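S.K.: Chains as they are written, first to last, in my numbering: chain A, 125 to 547; chain B, 78 to 337.
The hints are simulated quantities; they were obtained by calculation from the structure and are not laboratory data.
Model, not experiment: these values are computed from the prediction.
Even glycine gets a Cβ: it sits at the ideal position worked out from N, Cα and C.
Some clues are possibly wrong.
[Unchecked claim] Some chain A residues judged to face chain B by a derived CB distance under 10 Å, without partners named:
1. Thr-239
2. Val-300
3. Ser-304
4. Asn-311
5. Asp-312
6. His-315
7. Ser-506
If you want the building blocks of each chain, they are given just below.
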Amino acid sequence: MSALWIALRLGWRNLWRNPRRSLITLAAIAAAYAFLIGMIGLMEGLKNQLLRNGTRLQLGDFQIHESTYLPDRNINDTIGADEGVDLQAVLARISTQPEVEGLSARVYGFGLLSTGSFSSGAQLLGVDPAAELFVTTLLRGLRPGSSLPAGGARGLILGQALAEEIHARPGAEVAVVTQSADGTLGNDLFHVVGILRTGLSYQDRSLAVTHRSDLQELLALAPGRVHEVAGRIRDPLRADRVCALLNGSGLLPPHTKAQSWGELSPQLRDYVKLSESTNGLMIFLVALFAAFGVLNTTMMAVFERTREIGMLGSLGMRPALILLTILLESLFLGLLGLAGGFGIGALIMSYLATHGWDLSRWVGEVSMLGTRMDPILKGAWSWGQVGWAAGGLIAATLLAAFLPARRVAWMQPVAALAAPTEG
Amino acid sequence: MRYPKSGPLAILVLLTVCPSLGGEVTGGSRQAPEIDARKIIDRIDRLLRGDSSIGTMEMSVVTSRWRRDMTLALWSEGTDKVLVKVLAPKKEAGTATLKSGSDIWNYLPKIDRTIRIPTSMMMASWMGSHYTNDDLVKESRLVRDYDIKLSFDGVRDGQEIYEFTLTPLPRAPVVWGRIITEVRQKDLMPLQSKYYAEDGRLKRTLAFSRFREMGGRLVPAVMHMTPEDKPGEYTEIRYTELKFDVPLPPDTFSLAALRK
């Protein structure tokens with residue numbers, strides 16, 4: 125029978141010699157781990173939310189434009205230039221990329237909206253509502269029962285503040301006047317089918333959404349001419365790579381380029397980075413405190429058993445083996461604690477992921493950097509960080525056992541036996 | 078000193094010629110005593126003043142992508158009432174703009190709607206041209222808002238001219254940082270005005286030509302506006318007919334007339 129096997133069996137048996145003490149330590153580890161899992165989950169959720177709010181409202185994960193379109197947004201700089209493109213074919217080609225989940229071709233314009241005496245300038249956005257729903261939540265903010273009708277019906281969805289400014293309610297008739305691509309004064313009557321409330325004051329004040337074909341007609345643009353294709357991918361964090369792939373793939377029409385949300389909105393990228401690093405620091409600090417708690421409990425457990433360890437020594441057990449036994453016992457304790465903690469953590473996370481944590485009581489409605497903050501914070505798993513937290517706690521447990529065990533294992537058995545008895 | 082009442086020339090002249098001529102009104106005489114500023118004022122005032130006017134003009138808007146030629150009819154009264162109607166092309170015939178005081182209304186025959194232009198759209202293009210809605214409504218206040226100096230007096234490009242430099246007075250509510258206007262000496266007709274932004278960059282040049290008699294007055298029949306930030310683009314207005322001091326029916330500048 126090898127020494128390791130002895131140490132393993134002894135370690136396991138020792139664990140249950142004093143169940144109360146072991147369970148207390150185990151509970152401390154489990155509680156620390158569960159807490160960390162919840163904490164990491166909330167931080168990850170916050171980051172995801174920030175990213176989702178930033179990209180899912182209107183930006184998308186990436187956008188494709190004619191290379192000269194940004195930043196001036198000239199009406200004539202459509203994808204494929206004046207000739208336009210076979211839009212369906214281009215969209216189908218981009219869809220072949222495995223990570224792409226949705227694509228929405230958009231047309232932009234700037235126009236004057238008027239109900240007679242009340243007029244206001246507005247940003248006109250033409251979309252295919254079905255496609256847009258796969259990319260952004262823009263049209264989900266509509267009041268119930270309202271949706272954009274098919275092209276030709278000239279339905280119009282207005283930002284809430286814009287609608288109020290021109291005194292337009294659903295059903296109202298709005299004259300839209302704009303300068304068309306051919307220089308003429310494009311004008312037509314639209315009727316309001318919905319009011320949009322994005323939560324972003326700028327959008328609510330200026331955005332007017334209509335069907336893409338209706339806007340193309342108003343702007344005298346052929347059906348194949350669009351200004352933008354916005355796309356959604358499975359993991360927004362991979363947007364840069366997907367864009368690099370698209371740009372190098374030859375799938376895009378000439379003179380166009382794909383840009384990730386990070387390139388399109390550097391502030392959002394900076395903010396996500398900032399939140400990642402502050403989250404990392406916070407988790408590190410919490411993990412450190414948790415490790416100290418575990419360290420304390422484990423140390424006390426070993427100190428309590430000084431007499432017992434002295435007994436093993438006086439029976440002729442080698443100090444190294446004694447140390448190994450104690451370390452293995454701590455390892456078992458740590459693993460059991462992590463398992464328990466993971467169970468509790470998973471329960472917390474399942475609650476946080478489905479119900480979230482409603483912060484509205486404290487923060488109300490917040491918009492930040494052009495993205496709306498959802499007052500309900502939902503948790504999300506970050507397996508890497510959860511793994512690191514487990515490793516950190518195990519290391520703390522082993523360290524906590526090692527420090528007192530090393531001292532005691534090499535103690536004179538007589539001195540050890542003289543130590544106060546446990547309990 | 079008096080304001081140049083904007084005048085008989087049409088809508089755009091009101092805003093462009095008249096201010097630039099107005100520029101001569103003050104200022105310069107102290108540097109060049111031989112120029113009688115008052116005389117110039119009177120002359121220009123007489124030239125431009127009319128209680129009312131009727132006319133037609135052609136407007137060509139040329140951009141890097143398209144060219145549009147329109148024929149417009151216009152009516153004006155005093156300084157603040159102007160009505161412009163598109164006669165051609167057919168597709169846009171009937172489209173009309175009414176300026177009344179500081180308000181601008183557009184009538185769009187295709188949808189049969191009258192629309193008031195909000196303040197926020199004042200810097201937007203008027204009828205697709207290089208003029209803004211603001212160019213239509215702003216009053217000729219150069220005399221009040223600018224310090225006017227004679228900056229050149231002599232022969233340039235083969236003709237004797239006066240060059241006036243207008244710099245805005247402190248706190249004057251104006252968009253330009255400087256305006257330089259050239260006037261030919263022989264008949265005090267404006268030749269060109271250059272408009273500079275506050276940072277000193279040239280923004281646009283308005284050139285006058287084809288001086289001829291219309292409605293019994295010598296006027297520049299062609300105004301050519303070149304925006305500096307859009308190379309190759311311009312808007313040119315050519316007056317084809319002008320009558321001054323014509324009695325106009327009282328409802329000429331009403332919203333109802335706009336739609337007719």
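S.K.: Enumerate the violated hints, using their earlier numbering and listing them in ascending order.
M.R.: The structure breaks hints 6, 7; every other hint is satisfied.
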